[in-house]
Amino acid sequence: MSAKRWFQRRRTGLGWRPASREGWAITVVVVGAVIVVVVLLRSSSARIPVVIAILAVYAVIALVTGGSKPGEAGPRQPPAEVADDAGLSGAEQRRALGTLTAGRAVAASHDEPALVVDHLTKRFGARLAVDDVSFSVGAGEVFGFLGPNGAGKTTTVRMLATLIAPTSGRARVAGVTLEAANGVEVRKRISVMTENPGLYMRLTVAENLAFFAGLYELAEPEQRIAQALAAVNLGGRADDPCGTLSKGLRQRVALARALLSNPAIVFLDEPTSGLDPVASRDVHELIDGLRERGVTVFLTTHRLEEAERLCDRVAILNTRLRTIGRPDELRDRLFTKRLLVRTAAPVASPETVFALPAVDGWRADEATRYELDVSDARTAAPEVARALVAAGADLLSLAEAQHSLEDVYLELIADDPEADR
Amino acid sequence: MSLGRVGSVVHKEVREFRRNRFVIGTMAVLPLVFLITPLVTIFRTPESASSSQVKAAFGVISLLMLVVPVVLPPVIAAYSVVGERDQGTLEPVLTSPVRGSELLLGKAVATFLPSVGLAYAIYAAILISIRLGAAQVVSDVAFHPPQLLAQLLFIPLLALWSIWVGIGISSRATDVRVAQQLATLASLPLLAFTSLISFQIITPSVPLAIGLALGLLVIDAAGWRVVSHLFDRERLITGRANQAGADEGA
Numbered sequence: 001m002s003a004k005r006w007f008q009r010r011r012t013g014l015g016w017r018p019a020s021r022e023g024w025a026i027t028v029v030v031v032g033a034v035i036v037v038v039v040l041l042r043s044s045s046a047r048i049p050v051v052i053a054i055l056a057v058y059a060v061i062a063l064v065t066g067g068s069k070p071g072e073a074g075p076r077q078p079p080a081e082v083a084d085d086a087g088l089s090g091a092e093q094r095r096a097l098g099t100l101t102a103g104r105a106v107a108a109s110h111d112e113p114a115l116v117v118d119h120l121t122k123r124f125g126a127r128l129a130v131d132d133v134s135f136s137v138g139a140g141e142v143f144g145f146l147g148p149n150g151a152g153k154t155t156t157v158r159m160l161a162t163l164i165a166p167t168s169g170r171a172r173v174a175g176v177t178l179e180a181a182n183g184v185e186v187r188k189r190i191s192v193m194t195e196n197p198g199l200y201m202r203l204t205v206a207e208n209l210a211f212f213a214g215l216y217e218l219a220e221p222e223q224r225i226a227q228a229l230a231a232v233n234l235g236g237r238a239d240d241p242c243g244t245l246s247k248g249l250r251q252r253v254a255l256a257r258a259l260l261s262n263p264a265i266v267f268l269d270e271p272t273s274g275l276d277p278v279a280s281r282d283v284h285e286l287i288d289g290l291r292e293r294g295v296t297v298f299l300t301t302h303r304l305e306e307a308e309r310l311c312d313r314v315a316i317l318n319t320r321l322r323t324i325g326r327p328d329e330l331r332d333r334l335f336t337k338r339l340l341v342r343t344a345a346p347v348a349s350p351e352t353v354f355a356l357p358a359v360d361g362w363r364a365d366e367a368t369r370y371e372l373d374v375s376d377a378r379t380a381a382p383e384v385a386r387a388l389v390a391a392g393a394d395l396l397s398l399a400e401a402q403h404s405l406e407d408v409y410l411e412l413i414a415d416d417p418e419a420d421r
Numbered sequence: 422m423s424l425g426r427v428g429s430v431v432h433k434e435v436r437e438f439r440r441n442r443f444v445i446g447t448m449a450v451l452p453l454v455f456l457i458t459p460l461v462t463i464f465r466t467p468e469s470a471s472s473s474q475v476k477a478a479f480g481v482i483s484l485l486m487l488v489v490p491v492v493l494p495p496v497i498a499a500y501s502v503v504g505e506r507d508q509g510t511l512e513p514v515l516t517s518p519v520r521g522s523e524l525l526l527g528k529a530v531a532t533f534l535p536s537v538g539l540a541y542a543i544y545a546a547i548l549i550s551i552r553l554g555a556a557q558v559v560s561d562v563a564f565h566p567p568q569l570l571a572q573l574l575f576i577p578l579l580a581l582w583s584i585w586v587g588i589g590i591s592s593r594a595t596d597v598r599v600a601q602q603l604a605t606l607a608s609l610p611l612l613a614f615t616s617l618i619s620f621q622i623i624t625p626s627v628p629l630a631i632g633l634a635l636g637l638l639v640i641d642a643a644g645w646r647v648v649s650h651l652f653d654r655e656r657l658i659t660g661r662a663n664q665a666g667a668d669e670g671a
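Residue numbers (the numbering used here), protein chains in the order written: chain A, 1 to 421; chain B, 422 to 671.
So that you can see chain A by itself, here it is in the shape it has in the complex (with noise of 0.2 Å):
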């Protein structure tokens, strides 16, 4: 082979051809140091060796600052728009998450729970960000973690992660005591996504999960990358820098690493922040399928409507855990159940006909809306409708009140003093 052709194999950036502007300057400063070399030294013999001196010593600079560039190599991509608009729903993907996380549905049928969480606290200096917050998540459960601003949510999980050191308070992450001489062991059971991809911009999407590859010491590591790649119907842009890529397609890419391991758990901070409805979709259908497969997720989110449709349980935490449990849970810890009334004319003498045993009190919304308190809407439905009938109201509409988390959330966390902090 050619230098000529060897150097263009591998696209360096000095050589014959520099690939770059900074590989032009150096090219540049290179010819002007044997111009000055030749001058200064022409009455010399020895403005050959020192030529060649210079020469030599540029191509060590070659090989070492050379190499392939980015996005240069390998066999053309598709183009950004394609695998854009392409779903995570296909056969193709469900496989290759089947593949990733094979193993863990078996582990998440053990009775311990995922996480345990036991009076878990951390100050930094005067101020207290998580004050003793205990909770459990079992295996194979999506957890949801929500909070306002400064919460101590993101605090909690780097506790979790090992990343910070709690101030007091045990935790069990996926069958490991959490405390600092089982840093490593913890954290090869866990993946974290944080808000941040933080992906390196100047590697490819294949480099940046080799890296990671590499760092969990996992067999098979090019098959492995395939696969979260795939499973994020990603793998169209294995070579693609990721400086390239739409910020949705970087969480997909931060999404697949943290898939890469096959983890115990998952953690996921905030996972659709900054991402169309599409992406934010598709994000929410690997989280159903990892839940399908047994692998616990911990999901960090502002977005109430993304916790109420995949979370099993959510926890609300305002420095101090304020509640846990399923969303309808706490809508019926919190709120008093509701009937919502709709008549075509006002009701005559309401409080004779709302008079009945399944009726905790009632209000008049408007003159033809009320609202009824019941503690079991299903037994107080009916009477109220046979009431009404039989008081020769036109019934338009009967309805339970439906409360959102957002409704539990706000509850919760409008009054809290801690909130303004």
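Think of the hints as simulated: they come from the structure by calculation, not from any bench.
These figures come from a predicted structure and were not determined experimentally.
Be aware that a few hints might be false.
Which stretches of chain B does chain A cover? Using the computed rule of at least three CB atoms under 8 Å from a CB of chain A, they are [as the list claims (entries may be wrong)]:
1. 423–435
2. 548–559
Computed Cβ-Cβ distance ranges for the label pairs, DEER-style [claimed, not checked]:
3. B:M422 to A:D407: 51 to 57 Å
4. B:A643 to A:L40: 42 to 48 Å
5. A:L40 to B:S471: 18 to 24 Å
6. A:I48 to B:L617: 31 to 37 Å
7. A:R309 to B:D596: 37 to 43 Å
8. A:D118 to B:A643: 36 to 42 Å
9. B:L617 to A:H119: 58 to 64 Å
Just so it is clear, CB atoms sit at the ideal spot from N, CA and C, and this is done for glycine as well.
Following the hints, position chain B against chain A.
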């Protein structure tokens, strides 16, 4: 200690260097400057020059050869930790199973290989040039065995020292530029040391070269331990020191 994880860090770092304009520029231009000046000095020295004149001139050249491994690595090493923190890549790495000592060793090796490779290449180019065309009196001084041994031993050991200083500062600094400035400043004592040898205030001899090299080796080994101890995940993530004790699980 997992060599596999260290290797992964080295591989990634080298890939990044090769695509970083700043690193390419630093590693390309500085060695050229350090090559041209000595070559011009060597080949302008006439056959009639006295031995003391040649020794003085070669003292400057020797110093320049030792300046390369002292000055070049800290610029890169100082970026290694604080730079990752700045670009947001440090937290994902710290949540992986890599230990702090493995991460730092990988970064040190990745800085060491190109720096020492370039320093040796420049030295080799100068020696070859002298052999091919310089005056005999220059050749006699340049190929003096203790001088050669001192250069060969001190280039990697001084590089390692300045790398640990750079990484140590990078682990504690809050800003890339501050880290690079401090690391360059911190390498000045090394320059003073190399000056003593280059100008033969400390006369190089084989036992002295080996003795000093062993001393540097011990310092370099201790440097890894000290810098690993300085590496505090909590401080790097939150800016506050870990109150709960050493980062032993790192």
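Here's how the hints hold up against the structure:
{"no.": "1", "hint": "423–435", "in the structure": "holds (count 8)"}
{"no.": "2", "hint": "548–559", "in the structure": "holds (count 5)"}
{"no.": "3", "hint": "B:M422 to A:D407: 51 to 57 Å", "in the structure": "53 Å, holds"}
{"no.": "4", "hint": "B:A643 to A:L40: 42 to 48 Å", "in the structure": "45 Å, holds"}
{"no.": "5", "hint": "A:L40 to B:S471: 18 to 24 Å", "in the structure": "22 Å, holds"}
{"no.": "6", "hint": "A:I48 to B:L617: 31 to 37 Å", "in the structure": "35 Å, holds"}
{"no.": "7", "hint": "A:R309 to B:D596: 37 to 43 Å", "in the structure": "42 Å, holds"}
{"no.": "8", "hint": "A:D118 to B:A643: 36 to 42 Å", "in the structure": "40 Å, holds"}
{"no.": "9", "hint": "B:L617 to A:H119: 58 to 64 Å", "in the structure": "60 Å, holds"}
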